[in-house]
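2 protein chains.
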Amino acid sequence: MSDVPGRRLRSGLLVDLYQLTMGESYVAEDLAERSATFSLFFRTLPAGWGYALAAGLENALRYLEELRFGEDDLAYLEETGLFGEGFLERLRSFRFSGTVRALPEGTAVFPSEPLLEVTAPMVEAQIVETMVLNEVHLQTLVASKAARSVEAANGRLLVDFALRRTHGGEAGLAVARASHLAGFDATSNVLAGRLYGIRTAGTMAHSYVESFDGELEAFRAFARAYPDDSILLVDTYDSLEGTRRAVEVARELAAAGHRLRGIRLDSGDVAELSRAARAILDEAGFEDAMVFASGGLDERDIAAMLEAGAPVGGFGVGTRMGVSADAPFLDVVYKLVDLDGRPVLKLSEGKATLPGPKQVWRVREGARAAYDVLGPESAEGDGEPLLHEVMRGGRATWTEPLQTARDRARRERESLPDGVRSLDAAPYEVRLADSLVRLRDEVAERAHG
Amino acid sequence: MSDVPGRRLRSGLLVDLYQLTMGESYVAEDLAERSATFSLFFRTLPAGWGYALAAGLENALRYLEELRFGEDDLAYLEETGLFGEGFLERLRSFRFSGTVRALPEGTAVFPSEPLLEVTAPMVEAQIVETMVLNEVHLQTLVASKAARSVEAANGRLLVDFALRRTHGGEAGLAVARASHLAGFDATSNVLAGRLYGIRTAGTMAHSYVESFDGELEAFRAFARAYPDDSILLVDTYDSLEGTRRAVEVARELAAAGHRLRGIRLDSGDVAELSRAARAILDEAGFEDAMVFASGGLDERDIAAMLEAGAPVGGFGVGTRMGVSADAPFLDVVYKLVDLDGRPVLKLSEGKATLPGPKQVWRVREGARAAYDVLGPESAEGDGEPLLHEVMRGGRATWTEPLQTARDRARRERESLPDGVRSLDAAPYEVRLADSLVRLRDEVAERAHG
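The listed protein sequences derive, respectively, from chains W and F.
Last residue of the first sequence: 449 in our numbering, with the numbers rising by one and none dropped.
Last residue of the second sequence: 898 in our numbering, with the numbers rising by one and none dropped.
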């Protein structure tokens with residue numbers, strides 16, 4: 001029960017059925033081993049968002065390395081009657097053998113830019129679509145959403161409180177990781193602390209306060225357990241009465257050579273209450289006790305509070321960040337762009353794609369990112385190429401500590417124009433290289449012709 | 450890799466830190482073994498929603514039965530320096546030993562009604578909060594969201610296509626299960642097919658079509674593999690041209706004694722295209738080939754299409770159902786309501802709770818649910834009591850096939866007033882029993898006094 005098996009679901013069957021039925025056809029038609037390149041990107045950013053932060057690559061690479069079909073999986077597939085022996089044999093010996101090029105985690109990314117490109121035998125590249133999308137989508141979504149709180153909090157402490165309402169425990173882990181990558185300081189998720197080395201943090205619940213004969217008794221009991229690490233939740237009955245009781249405990253702690261870390265406000269008009277609570281703490285001489293705020297917050301609440309001058313030193317940000325409440329998905333897709341060296345596109349209404357493997361070049365003016373150029377992989381571009389080879393022959397060739405990705409995310413955010421970082425962001429320019437426009441027109445011409 | 454370990458993450462550390470620090474204090478204060486009752490409920494329904502369907506109970510019970518802290522978990526906790534030997538010993542022998550009363554899965558549930566009540570030693574009831582909330586939240590959310598598509602589709606085929614953008618693979622499984630419980634017919638998620646016995650379904654991707662020299666060649670190849678089970682994706686280049694090519698393949702299949710199952714539209718004005726495609730199929734004599742629609746659909750798109758008379762026989766519903774896009778969380782909470790037989794409440798602004806363990810009675814007029822009564826567990830009520838004991842002494846006493854819960858969900862939906870089932874729903878009445886109102890006032894009086 002303990003040893004963190006199942007950090008991800010481990011069955012090759014965690015896949016859309018059509019990946020397998022198409023595979024059956026590819027094997028039957030002897031088309032399974034052609035070399036295909038798929039490009040993973042999103043078409044648009046949610047309203048107000050200026051950028052996304054690429055994330056989820058580590059999980060995606062681990063998925064590719066570990067993907068297998070076990071005998072139980074194969075027995076189930078055989079029972080469905082949908083698959084012939086040739087395809088089932090292909091699955092029995094399945095090892096992903098392809099190459100992956102990707103944006104390192106923490107890289108700022110914009111619509112139409114590949115987060116990742118997979119080149120592999122068609123049947124392999126197709127089967128991995130579902131979960132490569134899934135892994136990259138969730139963490140990119142949450143890192144990007146969390147980055148907005150990081151921008152808004154402007155250096156104040158941020159703690160991930162999302163686990164109770166994330167879409168599963170696995171999502172809770174991904175949220176802790178992705179929000180830390182984006183700049184959060186700590187998480188309430190203890191397993192994420194153990195797995196990823198993220199600092200864990202927490203305060204106390206209303207039930208704790210209610211389970212004592214009075215609020216003061218509850219505060220004293222918690223301070224006995226954590227004399228230098230207590231943040232007392234003061235809103236169970238009345239936030240300012242609670243703050244005064246916290247001051248009593250702070251005095252008792254100080255008398256014994258300890259110190260109260262702070263108080264937590266979790267309901268009511270937190271901006272206003274924070275000012276009143278701050279005044280109570282300050283008057284009593286506890287200027288360094290923090291006012292910590294929580295309770296259904298997102299980046300806009302944080303920005304509004306700080307704009308109103310609320311003296312809040314830290315924020316617990318939960319559900320709205322963890323499910324990316326106002327934008328719970330990105331329109332990520334995984335599109336075939338090349339088959340045996342032939343560029344491919346799709347013309348569907350409103351869903352057309354750009355052909356061929358690609359590169360993204362970031363052009364800087366000084367330290368500041370000025371614009372990106374999206375072009376064919378084979379082209380030469382000005383600026384810094386952002387897609388790197390991260391896997392070859394099915395083995396990851398890129399690995400880095402989470403802290404490295406977190407540092408990159410910070411540098412990337414800081415390099416963006418202010419307008420792009422704002423909560424109501426200005427768009428960032430992504431130019432199409434002339435060579436890509438020509439290629440698109442040529443391929444479209446051929447498809448129509 | 451195959452044998453479906455880790456259908457859920459298995460570590461006791463998948464928990465909010467404060468559950469453990471509160472536990473440390475409870476053990477230190479000798480308060481850990483007092484009997485506590487917590488009630489899990491939501492305060493409001495998302496805009497437009499008339500009801501929720503309770504779900505996730507099976508996973509929650511399994512979590513409670515299996516929760517353990519392994520030696521690696523304990524070693525990590527010890528390293529944090531936050532915990533004493535007494536508490537770590539309590540965790541080492543941790544087995545959830547409590548009682549759970551709950552709404553069976555598929556029961557229609559309304560704001561303030563407990564989905565579940567846990568009675569256990571305080572330290573146990575507190576530690577399980579995070580993941581019991583998480584398990585019940587996700588499936589209740591998705592089952593309720595999916596039920597809206599079921600209402601809108603009014604008997605047409607519904608297939609879960611969400612896996613690629615659910616918040617993790619575990620969420621994808623939960624979505625397949627919860628949407629099936631709510632009335633979906635099939636899922637693209639093969640592992641959900643294997644684990645839950647749900648019918649799997651799928652069509653083909655644009656990449657498949659693009660990987661052949663022409664659309665007709667692609668359709669023919671797929672029909673060779675699945676001569677009686679092909680739904681051909683017709684929108685890669687031009688939806689109506691594609692439909693005409695599908696008709697060619699339908700003729701070839703018919704000549705060989707087989708039949709085309711249908712076509713899929715995935716872009717453009719699907720309502721309008723479906724009429725044109727239907728006409729092409731009908732003219733050619735393929736009245737029983739289905740027009741299947743997909744592409745970013747939710748219940749409102751389905752309702753709008755059917756209202757416009759679109760001849761669509763089935764819908765693939767993905768991301769917007771799977772992340773519950775317009776309402777990606779419910780405000781579920783888990784609140785202390787009783788401690789050693791003493792009813793407890795919380796008075797926080799806008800977050801007050803009702804004291805004591807509860808029961809919900811559903812009062813019917815004929816087959817139709819008329820209103821619910823929320824009262825103290827110990828009271829006698831008119832109508833059908835909905836909360837049942839599902840676990841005692843840490844062992845589940847309630848288990849049922851998914852199909853039973855699915856049948857219940859259908860009966861429950863059908864028993865609700867039409868207005869409550871509508872996509873812009875009228876509210877359903879939940880009355881507070883007089884005895885609960887009296888209890889609340891007494892306990893509030895005491896807390897203030």
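Errors might be hidden in some of the hints.
With a straight-line Cα cutoff of 16 Å, these simulated EDC-like cross-link-like pairs (lysine to aspartate or glutamate) come out [as the list claims (entries may be wrong)]:
1) Lys800(F) with Asp780(F)
2) Lys351(W) with Asp780(F)
3) Lys800(F) with Asp238(W)
4) Lys800(F) with Asp269(W)
5) Lys351(W) with Asp331(W)
6) Lys351(W) with Asp718(F)
Rough simulated footprint, nothing fancy, chain W against chain F, three-plus residues with beta-carbon under 8 Å [said to hold, decoys possible]:
7) 599-607
8) 812-825
9) 851-862
10) 880-886
A partial selection of chain F residues facing chain W, derived with a Cβ cut-off under 7 Å [unchecked claim]:
11) Leu463
12) Phe543
13) Ser546
14) Thr548
15) Leu582
16) Tyr645
17) Glu659
18) Leu689
19) Ser716
20) Met739
21) Ser743
22) Ala757
23) Asp787
24) Gly799
25) Lys800
Think of the hints as simulated: they come from the structure by calculation, not from any bench.
From the three backbone atoms N, C-alpha and C, an ideal C-beta is built for every residue, glycine too.
Hint check results:
1. For the given pair, Lys800(F) sits about 11 Å from Asp780(F) by alpha-carbon distance, which is consistent with the 16 Å threshold.
2. This hinted pair does not check out: Lys351(W) and Asp780(F) have alpha carbons roughly 35 Å apart, beyond 16 Å.
3. With a C-alpha separation of about 12 Å, the suggested pairing of Lys800(F) with Asp238(W) holds against the 16 Å cut-off.
4. This hinted pair checks out: Lys800(F) and Asp269(W) have alpha carbons roughly 13 Å apart, not beyond 16 Å.
5. Distance hint between Lys351(W) and Asp331(W) is fulfilled; the C-alpha atoms sit about 11 Å from each other, no more than 16 Å.
6. At roughly 13 Å between alpha-carbon atoms, Lys351(W) and Asp718(F) fall within 16 Å of each other, so this suggested pair holds.
7. Check on the segment 599-607 of chain F: 0 of its residues sit with their Cβ under 8 Å from a Cβ of chain W, so the three-residue criterion for coverage is violated.
8. Only residues whose beta carbon comes within less than 8 Å of a beta carbon in chain W count, and the segment 812-825 of chain F has 0; fewer than three means the coverage is violated.
9. Coverage of a stretch by a chain is defined here by at least three residues with a beta carbon nearer than 8 Å to that chain's beta carbons; for the segment 851-862 of chain F and chain W the count is 0, and the condition is violated.
10. Counting residues of the segment 880-886 of chain F whose C-beta lies closer than 8 Å to any C-beta of chain W gives 0; at least three are required, and the coverage claim is violated.
11. Taken as an interface hint, Leu463(F) checks out: its beta carbon lies about 5 Å from the nearest beta carbon of chain W, inside 7 Å.
12. Annotation: interface hint on Phe543(F) violated; nearest CB of chain W at approximately 10 Å, more than 7 Å.
13. Using the Cβ-Cβ criterion of 7 Å, the hint placing Ser546(F) at the interface with chain W is not satisfied: the shortest such distance is roughly 17 Å.
14. Because the smallest distance between the Cβ of Thr548(F) and any Cβ of chain W comes to about 18 Å, over 7 Å, the interface hint for this residue is violated.
15. Evaluation of the Leu582(F) hint against chain W yields a held restraint, the C-beta minimum of about 4 Å falling below 7 Å.
16. Taking 7 Å as the C-beta contact cut-off toward chain W, the hint placing Tyr645(F) at the interface is violated, the least distance being around 12 Å.
17. Annotation: interface hint on Glu659(F) holds; nearest CB of chain W at approximately 5 Å, less than 7 Å.
18. Residue-level restraint check for Leu689(F) is violated (minimum Cβ-Cβ distance to chain W is 12 Å; threshold 7 Å).
19. Checking Ser716(F) against chain W: minimum C-beta separation of about 4 Å stays under 7 Å; hint holds.
20. Hint status for Met739(F) relative to chain W: violated, with the closest Cβ pair at about 16 Å, above 7 Å.
21. For Ser743(F), the interface hint is violated, since its Cβ never comes within 7 Å of a Cβ in chain W; the closest pair sits about 11 Å apart.
22. Nearest Cβ of chain W to the Cβ of Ala757(F): about 18 Å, over the 7 Å cut. The hint is violated.
23. The restraint placing Asp787(F) at the interface with chain W is violated, with a minimum CB-CB distance near 10 Å, outside the 7 Å limit.
24. With 7 Å as the threshold, the beta carbon of Gly799(F) comes within range of chain W, its nearest partner Cβ sitting at about 6 Å, so the hint holds.
25. Checking Lys800(F) against chain W: minimum C-beta separation of about 5 Å stays under 7 Å; hint holds.
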